[in-house]
Every structure is written in structure tokens, then in C-alpha cells.
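Asker: Chain by chain, the residues run as shown.
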Amino acid sequence: GDSVTQMEGPVTLSEEAFLTINCTYTATGYPSLFWYVQYPGEGLQLLLKATKADDKGSNKGFEATYRKETTSFHLEKGSVQVSDSAVYFCASDLFSQGAQKLVFGQGTRLTINP
Amino acid sequence: NAGVMQNPRHLVRRRGQEARLRCSPMKGHSHVYWYRQLPEEGLKFMVYLQKENIIDESGMPKERFSAEFPKEGPSILRIQQVVRGDSAAYFCASSPTRPGVSTEAFFGQGTRLTVV
Numbered sequence: 006g007d008s009v010t011q012m013e014g015p016v017t018l019s020e021e022a023f024l025t026i027n028c029t030y031t032a033t034g035y036p037s038l039f040w041y042v043q044y045p046g047e048g049l050q051l052l053l054k055a056t057k058a059d060d061k062g063s064n065k066g067f068e069a070t071y072r073k074e075t076t077s078f079h080l081e082k083g084s085v086q087v088s089d090s091a092v093y094f095c096a097s098d099l100f101s102q103g104a105q106k107l108v109f110g111q112g113t114r115l116t117i118n119p
Numbered sequence: 213n214a215g216v217m218q219n220p221r222h223l224v225r226r227r228g229q230e231a232r233l234r235c236s237p238m239k240g241h242s243h244v245y246w247y248r249q250l251p252e253e254g255l256k257f258m259v260y261l262q263k264e265n266i267i268d269e270s271g272m273p274k275e276r277f278s279a280e281f282p283k284e285g286p287s288i289l290r291i292q293q294v295v296r297g298d299s300a301a302y303f304c305a306s307s308p309t310r311p312g313v314s315t316e317a318f319f320g321q322g323t324r325l326t327v328v
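Chains as they are written, first to last, in this note's numbering: chain C, 6 to 119; chain B, 213 to 328.
Mixed in with the good hints there might be a few duds.
Said to hold, decoys possible - Some, not all, of what chain C presents toward chain B, calculated at C-beta under 8 Å:
hint : residue
1    : F94
2    : A104
3    : G112
Claimed, not checked - The calculated lysine-lysine pairs, modelled on BS3-like cross-linking and capped at a C-alpha distance of 30 Å, are:
hint : chain 1 : residue 1 : chain 2 : residue 2
4    : B       : K283      : B       : K239
5    : C       : K65       : B       : K256
6    : C       : K73       : B       : K256
7    : B       : K256      : C       : K57
For the record, the hints were derived by calculation from the structure and aren't laboratory data. None of the values given here were measured: they were computed from a predicted structure. Beta carbons: idealized from backbone N, C-alpha and C, even for Gly.
Just chain C, with the same shape it has in the complex (with noise of 0.2 Å):
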């Protein structure tokens, strides 16, 4: 089946430091791929997509390309500030019965310091 499989955590960068949170999928169509960040005390909230192969998405200074030939989506800064301090979950979709599921990884802590 779909699955999604991303850098194991905890993250721990300091601050201006390059960024990099691996993202591989595997899926038996072409899905989009997502980054989503929670932050401490809230809800999950989309980061960026990229809907098919060699996409680009980027939001925030964070940046994915969608690489198809290593079916991978992984997650970049070039210079993380304390406030990038989350957990990221990166993500594909799948249509199935009507319904578009996003298929999860297991999220990575993120912890920047000063």
C-alpha cells in the first residue's frame, strides 16, 4: 500500500544552520506531496505541496522538489531561525471511495537554538 517514510527525530540545529528533513514515498499512482509544521500548542497546518513530478514547492523559506525517479520530497532551508522549532510531517494523497486520504510519516521534532 501508500506508505510515507521521513527522517527519524529529534532535529536539534543552531540557529542559521542548513536544514534538511528526508521524505520518501511509496505510492501505486502519482500523488501530491505535502510538508505540513505543528507548532507547539496547535493544530497541523500545510507548509507546502507539489502536485506532480519535478514540482517545486516553497512557503516560508522551507523548500520540497518532487522527485519522481527517487520518489522522494525531502524538506530544506538554507538558514533555520528558533521560530522553525516544530515537528514536520511530510505527506502523500490517495483517492480512494471518494475520499482523499493523506498518507502520513511518523513527523520529526525540529528544535532550533539560539
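Let chain C serve as the given structure and place chain B on it in line with the hints.
Answerer: Only chain B this time, still in chain C's reference frame:
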């Protein structure tokens, strides 16, 4: 426009009791999804509802779990005779139309259920 509201945020139940989790979608949204996050795991789809209809409940355990989304009022996820394995975070998401490539589902803050 308030976001998706879930309550309670934290719920403690003894084994064998019932748990009722509520989700009020964003104003104008008629589609609701429930997801469960077990400790150290990702969110897993449980059920998709529209007003007064269950569209897809393929992710719901066959026993003890039920969901509804009445014409008036919030969506309810009900767990009867809870067991320790039900301890998890339960997230609700809503969307204005059937989610697709150009439609985003908005998530609530989740309800953390602890069974003691």
C-alpha cells in the same frame, strides 16, 4: 473565521468508559476527516464524513468506534469501552469541498486521549 475547533484538548478516561471527541469544522466547510496518531507514529486516516453521511470509514476499527456529522452541530467521534491501546491524539480536518489538488484541508489542534 475561527479555525477547526476540537474539544476537549485533553481527555482522560478509565478503561471501559466512553470517550466523545468533538470537532467543529470551519464555517462553510461541509467535509470532515478524522485521523489518529498513535505514540511515535504518523497520523492515520480513520473516517471521512459529509453532513449526515459517512462517505468512507475504511480506517475505523470495526468495533467500539463510531462517527457522525449531524445536520446541526459538531462532528462526533465516539469510542465505547475504551482500552489502553486507544490512547492517542485524534485530529479532525475540514474542507469546503471534496479535497482535491487545489483544495486544502484545515486541521484542528487535536484531542489527546489518555486511557488509565
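Asker: Against each hint, give a clear statement of whether it holds in the structure.
Answerer: Hints versus structure:
1. Contact between C/F94 and chain B, as hinted, is supported at the beta carbon level, the nearest pair being about 7 Å apart and thus within 8 Å.
2. Interface hint at C/A104: satisfied, since its Cβ lies 4 Å from the closest Cβ of chain B, which is below the 8 Å cut-off.
3. Interface hint status for C/G112: upheld, as the beta-carbon distance to the closest one in chain B is roughly 6 Å, under 8 Å.
4. For the hint linking B/K283 to B/K239, the alpha-carbon distance of about 14 Å falls within 30 Å, and the restraint holds.
5. Straight-line distance between C-alpha atoms of C/K65 and B/K256 comes to about 27 Å, which keeps the hinted pair within the 30 Å bound.
6. Between C/K73 and B/K256, the direct Cα distance comes to roughly 24 Å. Compliance with the 30 Å bound is thereby established for this hinted pair.
7. At most 30 Å may separate the alpha-carbon atoms for a hinted pair to count; B/K256 and C/K57 meet this at roughly 23 Å.
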